[in-house]
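One letter stands for each residue in the lines below.
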Amino acid sequence: MPSLTRVTLDNGLKVLLKEIHTAPLISSWVWYRIGSKDEPTGKTGISHWCEHMQFKGTPQFPSSLLDKAISREGGVWNAFTFLDWTTYFETMPVDKIDLALRLEADRMVHCIYDPKELESERMVVISEREGDENEPLFQLGEAVQAAAFRVHPYHHEVIGDKSDLQTMTRDDLYEHYRTYYIPNNAVMAVAGDFKVKSMLARIRELFDGTPDGPTPPRLVRPEPPSPGEVRVTVEGPGETTYLQAAYRAPAASDPDFFAMSVLDSLLAGPANLNMFGGGISNKTSRLYRALVEKELAVSIHGGSAATIDPFLDSVTLTIHPQRKAEEALAALDDEIKRVQDKPVSAKEVARAIKQARAIFAYGSENITNQAFWLGYAEMFATYDWFLTYLDKLSAVSPQDVQRVAQKYLLTQNRVVGTYIPSGAEGDDE
Amino acid sequence: MNKKSQTSRRPARSSSRTVNSLPGPDDITRTVLPDGIAVLVRSNFASPSVVISGYINAGSIFETDKKLGLADFTATALMRGTRRRSFQKIYDAIESVGANLGFNSGTHTTSFNGRSLAEDLPLLLDLLADSLRHPVFPEEQIEKLRAQLLTSLAVRAQDTSDMASMAFDKIVFAGHPYSRPDDGYPETIRAITLDDMINFHQKYYGPRDMAISIVGAIEPRSAVDQVAGVLGSWKNPSQPEQPPLPALNPLSETTRRHVPIPGKMQTDIYLGTAGPLRKAPEYMAASLGNSVLGQFGMMGRIGDVVREQSGLAYYAYSSLSAGIGPGSWEVSAGVNSANVDKAIDLIREEIQRFVAEGVSAEELADSQANFTGRLPLSLESNMGVANALINIERYDLGLDYYRRYADLVRSVTPEQVAEAARKYLNPDRLAIATAGS
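Chains W and X supply the protein sequences, listed in that same order.
By the count of this note's numbering, the first sequence reaches residue 429 at its end, each step adding exactly one.
By the count of this note's numbering, the second sequence reaches residue 437 at its end, each step adding exactly one.
If you're looking for bench data, these hints aren't it; they were derived computationally from the structure.
Just so it is clear, CB atoms sit at the ideal spot from N, CA and C, and this is done for glycine as well.
Keep in mind that a hint or two might mislead.
[Stated by the list, open to error] To give an idea of the chain X side of the interface with chain W (calculated C-beta under 8 Å), a few residues: (1) Pro48; (2) Ala154; (3) Asn236; (4) Ala313; (5) Asp366; (6) Gly373.
[Stated by the list, open to error] Derived DSS-like pairs (lysine-lysine); straight-line CA-CA distance at most 25 Å: (7) W:Lys116 <-> X:Lys342; (8) X:Lys144 <-> W:Lys324; (9) X:Lys89 <-> W:Lys342; (10) X:Lys423 <-> X:Lys170.
Just chain X, same shape as in the assembly (with noise of 0.2 Å):
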């Protein structure tokens, strides 16, 4: 293991990039498979490597309570032993030649990630196809990889971060699928049998609405066909849709909750709100504005009063995560157990003065000239790219987005902004959640 080096904030942004022009309608190939597969390709021959990224239709929206972590542990375990591969097989493939590739699930889709040089990009390819199409769960594998998740949810429980947001989302969220961690609980996670892993696999993993992106030194025709060797025959007629998610009951009051954890040093704060869809038309609005509050420069207004004249925490600042769903919009920091109260006071005055002030004018330039200064640094990567790829598709954006997204990002006004802030943040009715000492 790597000594770890300290630093001065957080570890900076996943860094990324392409070549010289944003991606495009004219350097895009976007393909539907004739099973449903959309497959975006990209190609940049800057570097011998070549990334995968994706999804398909299947998580834990599909689950009981008495199953949680059904879909997550499914993914887990698709590696572990397919038809043709044992475990040990699969990983001597991949590791062998360099490369990478991992599944997790979410509220609604599985994703996988992948990486490896170019010249076995068709391995890779193979490897994905058979562990979604194939995977035989092997009982030995399986019994293995629970102990290590009832580790991980063992760690997870000493970990102040973990369940100071676990405990945030089950007040923002109560009564709705978002409610759930998807990694499950300990008994949850005992009761998962094999049948009921097969029978997720077999009802819910298939072609409808899975996305793939393909980005690196690869022609977009060849990673095309590629795709379309080892998934096109994929088929699971009685694939289901998406079930509606119920209406969100909003908070009629703040409501705090603390998770005591004995022994910690710090404690882990998590305050805030349900934020925005990702397709919501004032996202960009509440985005920009969540920059200003919690983002810019040394983390925003948050980062300034909590720790720049404060002293209170290393780490405090703001963020939105907008999907299918309502996301949250939330404020975290880290903070000795005796300053809980004070950092507290001083994040919720700040929301107050965000809802009741918006932002200036100078303010928003700033988070604007910053979002599409930023964007060719988020485009740098393979994985930047393919990810980028991967929210097109998802959320309907149009191969045109990133081309776009200057002009979206300097169309929106401080007025927009602090109706976004209105519409979602009301500092009488926040989630608080704390987990510590």
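Excised from the complex, chain W in its bound form (with noise of 0.2 Å):
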């Protein structure tokens, strides 16, 4: 079993280390307490510029420098920003981590923000935006999501709105990045082939000298119960309908949530919570057979997502191109109320663990998401909340399946959304 190390150090940066010695390879991740989240209306999508910006250079580390040096050692290395956190990550050689440590003790305080390399970089995110908006389901996911919540900063994308990508300043990024990239706002997790001593040493010797900062601010907005279904249209290009149906579903922290995985795994197919490592198909979950076997729709996926707030426990539907979008929801609030009314089988949770399990050991196939799992369930939880999972979903009943989906799968508390396309034009020869 591999061995984990969890200190804190003086100026609060958590440290969580895992051996393994499996690969040549060594995957460093850090995370910042700061996404989507904490983001007021203005300034929707600062957090996910910032982390462009993160590439941008320092002056030890310019950026020119930054992704030939990585590259020339052969590694690989990437970020992500989502609701709750933002992530930057190095897998490299073993002998080459030392460039990657260094470079994140740096950018934790001496990134640039050049305001002429943030010029080109607001165009480079508008333009990321524009891509996503290509997508039919990206224009419904957007609208659903400001639906379900109309105080509650998870309202917004992460990508932002484009009319704050157009107007932020120099000055309102850079405050951002020294506001909320302290050592007390961020945890440092690695993994593979070291040894704990001497990578705790290195990492002591570079990020000791870090000071602390005040204690970052967060936007609090609750939301309020749910009014009703809302229900929202989105119109545009193409043939094709799409219908979401989105639930408000517990926080990763609530017990809730295992049951709701057990739950979501019945219905929609195994969830898959890796970022590195794949997923299993979903041809016998009870809404494919209610839904694609029927031939309501073509395809059906869904399930939620570990956040530290609720979030949403959404249900995406292609719909048949013979069919109607509102066929395809009654069909879905069929199998909601079979799984309200009627306990599973202790044969169908059974099945979800199992599936669970092959996930897992799919996941640890690779160092680098390994290194991933240690930070990210930091995020909303603690690691325990990885290390016991397979256990706590072990623990699901019947009726606990039975009981959250009278909870949460209310038709009051959802929002349905349908994407309704302009026309059916020709083929495309």
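Two chains, two separate frames, one set of hints: put the complex together.
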């Protein structure tokens, strides 16, 4: 069993280290507790844009050198921004990891945010948003999310609104960076082929000198109780209709989260929370049988995300070309009623747990994904959440599944969004 | 559906690996069964899982223009019912144990990929063999599938990247089978009958030139025995060889085509030319050149000019795809519809410079270091190794290929890169395809 070390430095930086000696690789992640959840109106998308600026260099590591340095050493690096967090990772050959550690220590404090670079990146981020806007499911998802959260800042997409992307200033971004990128708001997670003692010593050497900062402000705007079912429609090009039903779901730290995970598996197919590692198909899920096999939809997927505040459990349907969205919704409602009215079988629950176990095994094939979990779980709970995940799933009973179906999958608790295509046009020949 | 997070660049390459050394002759077991199937196995007990990957010698190359998409439709239909199992029974077996299995067809071959816990490998291989050998194509299931495929094509018609890529292939590969989309067109999918599928399966499916790799928590001997047990008696004496590919006519001038898709914010651009075969002697030089042009660091020179300096695009990069026949060497980018010409001009200038000046010794050294350094990462997961073994088999690379790889990469000179660039990329004879508003 690989050993796990947890240490908090004097400046508040939480460090998690896990030795894994299966490949000559090390994966290092730095997580910041800042995402789109703390962005006020007028500054939506600022966390994600800051993430882009973190690649634009420091005096010690100018941007032109950074990418080359990592690539030359055969490493992979990237960053992700989500509702609750922003994270940066490098996976490197064993003897090259020091570059990544030095880089992360440096860019926690010394990024330049050069005004010229910032303007160029403004266009890049707007271009990223425009690429998203090409996708009907992005348009629908954005509308559903906005309708589901009138007050809570989960209201807006991580990418942000175009008007804010056009108007935010260098000062806005730099202040955001300096406010949230502090050791006492960060978690460092490293997994791979190293010895804990020397790795920890090196991390102390690089990060101990970074001063902590004032506890960052949080935007606390709880969503009031749902006013009842909300329906939205989005119109756009194409000939394919999509429907999304999104229910208010429990937070990741809520004990109900695990019963909901089992429920999701039965309804829409096994959840895959891994960032790297394959999932499995959902053709025997209840909704696939009721909707795709019955030719009301041509595809169905669903599930929830692990978040700090209650977010959404959603089902997305691609409607069959010969059917109406309302017919598919009625069939979806019948299936939900069935799971509310009658306990599922113990066999179905056991099956969901076996599926989760397999997905965990696939995720443990690569070191990047194992390092990912060390920090990810800390963003909404603690690493113990991950360690005990399978046990908690195993403890879920058919009665639990029925209870959470009755509690969360309520019509008055949901937003139903429909993407209505503007037209049937010809073939693409 | 998990909430998608935004990322600063395109999603990371799928990662990967294995036990401290690269795969080689001493830890890859390669066996050819009497019926012609090559089986390649490498054990890895670090995780209790196992993957399979492979192909059979049937692809869209055997289709007529009127039935485009037949190979793909057939491959997708394999798991819709067999002599022994219904569609529900197949997926119930596989999903109940958290395993996965899927088929898809390309131009030359139909590929499969699967994974499971090691304890379920016998089931996975039994389902693989059952699907390949005894599909029954139940009519009711086929019609459901047809509606799904037609919907995918309707979605494709709205996808600016897919449509630009298809238009690009039509220009570069005019008159060649590679100009045709493997998933067909709505009218060809509608034209395919049950008999077409049954006949396609009877005629083209068989063990001839089939390959399968198995990687994970399994002993090689046991893996080979299991494959022999389910596929060893497979026979199709009339299974044909791959037909010869016609010669490709090079473009005589730069050719541009636009696919209008109303209502889109962003236009996708594909720009480039035909590339080398995977077995071509200059493949590695071209591949390293491509890295300098549009991959290394933040997408190489193309990314530097189009994204970093001009802010025109979130993604702008080049790629080299090489296979049994000529591949493509292409630059792709997604830009605001107002910036299309500007982006195309910038990309063409870079291609011109690349062909005229080649790459510097330093640039080449950077990409060489990247190619050799990232190898352990690309071979980290079982799937990474399984795909590597399949590459070895498909292109006769030799079991020691990944051990020789660093030397192969390091032996390439700037002159060889320049030569490959000149051979394939003619700045006055480019294909340019765009799709968007």
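Hints the structure fails to honour: Failing hint: just 3.
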